[in-house]
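Sequence lines, in order, name chains A and B. Position 58 of the first sequence, counting from 1, maps to 61 under my numbering, and the rest follow consecutively. Position 56 of the second sequence, counting from 1, maps to 59 under my numbering, and the rest follow consecutively.
Because the hints were derived from the structure by calculation, they are not lab data. From a predicted model like this one, the values you see are computed outputs, not experimental measurements. Errors might be hidden in some of the hints.
One copy or two, it doesn't matter: identical chains are merged, so the pair holds either way.
[Claimed, not checked] Cross-link-like lysine-lysine pairs, in silico, DSS-like; alpha carbons within 25 Å at most:
1. Lys260 x Lys234
2. Lys260 x Lys166
3. Lys24 x Lys198
4. Lys153 x Lys166
There are 2 protein chains.
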Amino acid sequence: MQIMINEIKNWIKEAAELIKKEIAKNDMTVDTKNGRRDLVTNVDKQVQDFLIEQINAFDPDAKILGEENGKDHLTDFSGRVFIIDPIDGTLNFVLEQENFCIMIAVYEEGQGKLGFIYNVMEDMLLWGGKEVGVFINEERLNTPPDLALKDGLVGMNSSMYRKNSYNAQVMAERSMGVRMSGCAGLEMIALIRGKHNAYVSSLAPWDYAAGSVMLEALGIKFSNINGKMLKFDGREHYIAATPTAYEEMMRLAEQAKS
Amino acid sequence: MQIMINEIKNWIKEAAELIKKEIAKNDMTVDTKNGRRDLVTNVDKQVQDFLIEQINAFDPDAKILGEENGKDHLTDFSGRVFIIDPIDGTLNFVLEQENFCIMIAVYEEGQGKLGFIYNVMEDMLLWGGKEVGVFINEERLNTPPDLALKDGLVGMNSSMYRKNSYNAQVMAERSMGVRMSGCAGLEMIALIRGKHNAYVSSLAPWDYAAGSVMLEALGIKFSNINGKMLKFDGREHYIAATPTAYEEMMRLAEQAKS
Numbered sequence: 004m005q006i007m008i009n010e011i012k013n014w015i016k017e018a019a020e021l022i023k024k025e026i027a028k029n030d031m032t033v034d035t036k037n038g039r040r041d042l043v044t045n046v047d048k049q050v051q052d053f054l055i056e057q058i059n060a061f062d063p064d065a066k067i068l069g070e071e072n073g074k075d076h077l078t079d080f081s082g083r084v085f086i087i088d089p090i091d092g093t094l095n096f097v098l099e100q101e102n103f104c105i106m107i108a109v110y111e112e113g114q115g116k117l118g119f120i121y122n123v124m125e126d127m128l129l130w131g132g133k134e135v136g137v138f139i140n141e142e143r144l145n146t147p148p149d150l151a152l153k154d155g156l157v158g159m160n161s162s163m164y165r166k167n168s169y170n171a172q173v174m175a176e177r178s179m180g181v182r183m184s185g186c187a188g189l190e191m192i193a194l195i196r197g198k199h200n201a202y203v204s205s206l207a208p209w210d211y212a213a214g215s216v217m218l219e220a221l222g223i224k225f226s227n228i229n230g231k232m233l234k235f236d237g238r239e240h241y242i243a244a245t246p247t248a249y250e251e252m253m254r255l256a257e258q259a260k261s
Numbered sequence: 004m005q006i007m008i009n010e011i012k013n014w015i016k017e018a019a020e021l022i023k024k025e026i027a028k029n030d031m032t033v034d035t036k037n038g039r040r041d042l043v044t045n046v047d048k049q050v051q052d053f054l055i056e057q058i059n060a061f062d063p064d065a066k067i068l069g070e071e072n073g074k075d076h077l078t079d080f081s082g083r084v085f086i087i088d089p090i091d092g093t094l095n096f097v098l099e100q101e102n103f104c105i106m107i108a109v110y111e112e113g114q115g116k117l118g119f120i121y122n123v124m125e126d127m128l129l130w131g132g133k134e135v136g137v138f139i140n141e142e143r144l145n146t147p148p149d150l151a152l153k154d155g156l157v158g159m160n161s162s163m164y165r166k167n168s169y170n171a172q173v174m175a176e177r178s179m180g181v182r183m184s185g186c187a188g189l190e191m192i193a194l195i196r197g198k199h200n201a202y203v204s205s206l207a208p209w210d211y212a213a214g215s216v217m218l219e220a221l222g223i224k225f226s227n228i229n230g231k232m233l234k235f236d237g238r239e240h241y242i243a244a245t246p247t248a249y250e251e252m253m254r255l256a257e258q259a260k261s
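Bound conformation, chain A alone (with noise of 0.2 Å):
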């Protein structure tokens, strides 16, 4: 595993320099995909083309699901399988040049075995998984305080929050506050390093499998807001925080369906 590991820090650096290198051209061509606000650019196929042929170098048996380029899709999860999103947070990668993370998570047989998040510009890696534990860098991170709603922050997808599904505002309310990045991977990060401690979003397997694979590791608890296993296809509804704050946010999505 440690050979598989380092391989995957240098293709998320590699693939880190690549995406700098496009932003100093400053000649991107951003797309959009469904619907006015779900950007692609040159730089997130590129990366995913790099990300796709270190992968298939390394193990050509090896499956992927990624965001780009016709990846979206995978019903096999037999064997070893990449997920990745070369570029998470897109829109923010656009108009920021910031507040964005190169995402890669592996799973055998259908388990979560390693997930690795890089912030770009913070020079920010997560890495790690239930058998090797999880690092900030190179700096192992213990299990966050399993902190209750009420001590602490949310991260939330914004349309959930204005529309109030799921109870969403009365979570936020019961917090210490909710937070907005943009970014999948960002929330993620403050989740793992205890900064949040609940996260509720709408997320594509490639959003939430990385981060999803640290948290196991830690405790954290996840599932989609109904409480069941992800699919690993298509959009879901996520929720991942703290144990304690997880129950009391389930309690109240369950309350909003009746």
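Got chain A sorted already, so can you dock chain B onto it with the hints?
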């Protein structure tokens, strides 16, 4: 003015060291002010006392308006006034130990002369004014592009967004997205650097004084939400945006009242 700039930079760096030492000691005293989310720590008070000491030594005649220690009200803005927020984003400071700022503004005869916003944990200082220009650390910033509302990100206060105050939800929907950081200083920095194109919140004078000086120097518009000049007395609904976005947002705010 250069002497004053250098002085204030030194105060800020020294205050930042004090804050980092307190974070390392990890034995903060946290109290609430108006409500359970309105926090103040012994560090806020210590830093404000330190800044007041420096101001008094530098200019004994200057008046001071500041968030803590009963300095939060001032009626006479003649002469030189320092407006200070020792820790802007205290909730983030307590829960995240990052995403907070030190802010200092200098006003003379009611006119904004200098503003300083320091993102302590990222070592990022925004400073300047109409006469000297605006800088990020020692690099001069240009006026950001005059993006329309639809082309940029809007920083927003969660309560105004939830309640759709002044059509805040409509503003957010027409933009590329809404962001919430829980720190006025960070929102000002994003606006000054052209990463966001608007900011709408409910702010006290020490929240908007430093940022507004730099916004004015860069031609970014700001006012209270009714289009009136800020009162520098108590909390007001604040709006700041690129000129084009400002016009559209003010029309939406006006429509909400009729």
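Tell me the numbers of any earlier hints that the structure contravenes, in ascending order. none
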